[in-house]
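Please build the complex by placing chain B on the supplied structure of chain A, with the hints as guidance.
Order-wise, the sequence lines are chains A and B.
In the working numbering, each number is its position in the first sequence, counted from 1, plus 125.
In the working numbering, each number is its position in the second sequence, counted from 1, plus 757.
Since the hints were derived computationally from the structure, they do not count as laboratory data.
As the structure is a prediction and not an experimental result, all values here were calculated from the model.
Cβ atoms here follow ideal geometry from the backbone N, Cα and C, with glycine treated the same way.
DSSO-like cross-link-like pairs, simulated, lysine-lysine; straight-line CA separation at most 30 Å:
id: 1; chain 1: A; residue 1: Lys555; chain 2: B; residue 2: Lys877
id: 2; chain 1: A; residue 1: Lys496; chain 2: B; residue 2: Lys760
id: 3; chain 1: A; residue 1: Lys487; chain 2: B; residue 2: Lys760
Chain B regions said to be covered by chain A (calculated; three or more residues, Cβ under 8 Å):
id: 4; region: 770-783
id: 5; region: 796-809
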Amino acid sequence: MINTLIGDIGHLSVIIAFVAAIVASYAYFMASRSSIDAEAIAKWRRFARVAFYVHSAAVLLVIFALFNIIYEHRYEYYYAWSHSSNHLPVHFMISCFWEGQEGSFLLWIFWHVVLGIVLLNTGKKYKEWEAPVMAMFSFVQLFLTSMILGVVIGDLKIGSSPFILMRDFMPDTPVFAMDPNYKPEDGTGLNPLLQNYWMVIHPPTLFLGFAATLVPFAFAMAGLWKNKFGEWVRPALPWAHFAAVSLGIGTVMGAYWAYETLNFGGYWNWDPVENAVYIPWLVLVGAIHTMVAYRRGKQGLKASYLLIIASFILILYATFLTRSGILGNASVHSFTDLGLSGQLFTYLAVFAVLAVALLIYKWKHIPTTEKELTTYSGEFWIFIGAAVLCLAGFQVLATTSIPVYNSFLGFIGIESNAALPADQIEHYTKFQLWAGVLIAVLTGIGQLIWWRKADKKSFSDAITMPLMLTLLFASLVIILSNKFDVFDFKLDNPVYITLFVTSLFAVFANLSIILSLLHKKVTLSGGAVSHIGIALMLLGILFSSGYSNIISGNTSGMLYSREFPDEINRDNVLLWRNTTTDMDKYSVSYRGQFLEVEGVPEYVNKEILFRTADEYTAIARADIKVNDKLYFKTGDTLELPTPENTYYQVEYKNRETQEAFVLYPRAQVNPNMGLLASPDIKASVTKDLYTHVSSVPDPNEEKEWSELQEYTVTMGDTIILNDYVAIFNGVEVIKEVPGVPLKEGDVAVQADMKIMGEKKTYHAHPLLIFKEGMAGYYPEIIEDLGLRITFLNVDPTKEEFKIGVNTTQKDYIILKAMEKPFVSILWIGTIVMSIGFIMAITRRNQEGGSSNKPKAKHARKAEKAQVA
Amino acid sequence: MKKSHIIGIVIIAAAIMIIMSTAGDASTYVDFGQAKELAEDGSKTKVHVVGRLKKDAQGHIVGMKYDPLVDPNYFSFMLVDTNRVEQQVVYFNPKPQDFERSEQVVITGSMQNEVFVADKILLKCPSKYVEKEVQQTTAGL
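Same shape as in the complex, but just chain A (with noise of 0.2 Å):
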């Protein structure tokens, strides 16, 4: 019976969410007015936050009903079919709660509620701030749920509601015109790719990035609308730290993801859809900068209220960009249109008009100072590095919007084919990395400065052990690499030296800041830790980008006689099962194909499970040992928990060190998708192997085997099939056969051959069983050498037995294998700006959050903080 009850609880809590969205923007727009007096705002206050409250109690409920569809399997919704599917573990229900466009805004949405929660509880300190902050919040609640209200009004829909029963979603589907409360059996299940680890916490630290960006937005609108112009950089620069660095952390798991699962062999691609989130994550960085330099030196309003809106304004166009479906050509993962590109687009333009607007009309009062900015102040580099970082997000914007040039044109009816670069990657390194060169000085030269508070003097003071440990240390990994090949890379490219002299640079120069506040106090040094988590990032980019190197180059010396063969890579080689072939230097083979099993701590291979009826289960035909610990035996059922992943063991031997190591890279076919494939890697300090299958025979696709070849033999006769030597040892009758029930009067009698491989020797057990009369046969296959033996006739008058044997090809996987240097160093980089950005968060709260009573008193509590 299907369910209707959970989805109308749900479709009505999004209406009531957002109706009550709409009662909280306004209560708190009057409450905001000071042309009331003090109790009429109070009670106005007051309304606002029931209706807040409303909102958010509805919310939370809107997302337990759309868990429980997707818990409980109901299938009756077209989001739980799409998305999910009965073998799904909780966690990846989880995921597949976000997968689709409306479970991601509702992600979004949550996150607000959150924060807003989070803001009215301990923004007390602030209590003027409230009504309008709250405001700008419930005024995006509005925009965002309206996106997942699913109402239809003539022509008009607005949003897509997730709560749309299979039978409304496809009205025209045969089965429903006879049975409308028929229920599908099972889900069409997650994105198999989106089945990891990351994707259970990448969108929501993504998400909660998005929905922190609003924070320090609405406090500079809050501060613009209410003539505060400078009051809001306090409450909200510990805000635009924390969502500076969820956005970050976020960004940089969806590269790990990327690294790990997919096989395009990196971890960024420039790709619409990444750098979307990049764009405002720069511009956000520069904004927190220049907030710090107002905050010390009343210098930089102006451009912290234009950084802090175009960071959100930003969001709002990477939301555009990605689900609108403008995108289509340019990105391979961007959502597809839902119908909501014109509300999208209404969402982008409200709030992009409503703060440009809002600035220029009160730009003239925004307080600026008349002092000049000297060189020799930490200011001056604040304002430098932040036009870098939003001049390497504009470039990236300009390149990312070409399909949206394409559209708008195409709109305002001049046709334009403009198409993204054709190597993306060139592109936008001859801009990134020279931008990255930039900021690497910047934060070394900025720190010492800001901190020095300096003068020519004491600064060329500050500069010269950071400047001569940097040339020392540089001159030597240059020599070594080049002239005694100490390393796997030769560090001679001008331009790789030059990020690489400034990395080393930033890290000497921010360590030496670290080291001069340990004995003064350490919780100031966040700007120094996370500068140094950047320029490590910039030397583990430039290492695992830079020396990246394919080993797998075809060796196999063919000769090819087709189109333009000389100045093409080959990257690809081509590896039959159990036969070596040399590989840089490595020796490879590929033993075989592998699945997991729920209980045992390696991967078990195929040959040694019997497949059941469902896909899910098997049967061990032999013991499972891993270590010596025996896990399985012989019969025992077990429970495979991801069926549709084969993982095909490689096996690496150093040719010089003769050192050993087994690589699974791993490949599915999907129903929907085709064959997948994620790679395996061998991850050390100084590299990562990284390697991948680019093919494999289609598993799905019946193997051609060779015509029948019949054998007549007598026990302990040798034979020879597919040129390897076989032993027919004999045949025994048995009792149970694993998967067959067998009834009394029935026979199963097993052959029992022994093969000699090349590299071992293998048991053939072909069955053949009488049931009722008749013959089944069960043959064996032995995919390492392409042998399926089956077990034809008894005569037990001569003792004779058939065997029947086809061939077939050996079974093969085309692999990719590259080496990237210290690729470690970028996410030790990435965990050690969060470390920094966590410190600032600590101490700008801890000054933001003090006594706001007296203001005196609160600037020289700052003041002494600094000094200390």
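Leaving out everything else, chain B in the frame of chain A:
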């Protein structure tokens, strides 16, 4: 002149440079006829071509060549552009995994003699990242 004005001018100059460079690097969507003309003019720039795969009545792709046993790095197929011009395309990499299920294909590369050498293939599968088709389960009822 104030220092902030100089900074402003430098920023504007950099922004203009970025725009010019973007315009210079931007590729174009063309058909095979234009791609040929470009190649004949000696232009080495890479272009995008949007096309459909040629399929027979049974829905099998016509003219696809990939034999990994001979050469895992050679894949060739026929693409029909929007003007219904057919062109052989060569891709010196293994066959993209879900190639057979795709309908629309965007390729990046350039004409070299009689063939289009692609260095990137973007598949638009009807089902990829898209709501799955309804027939999937109803067919099995």
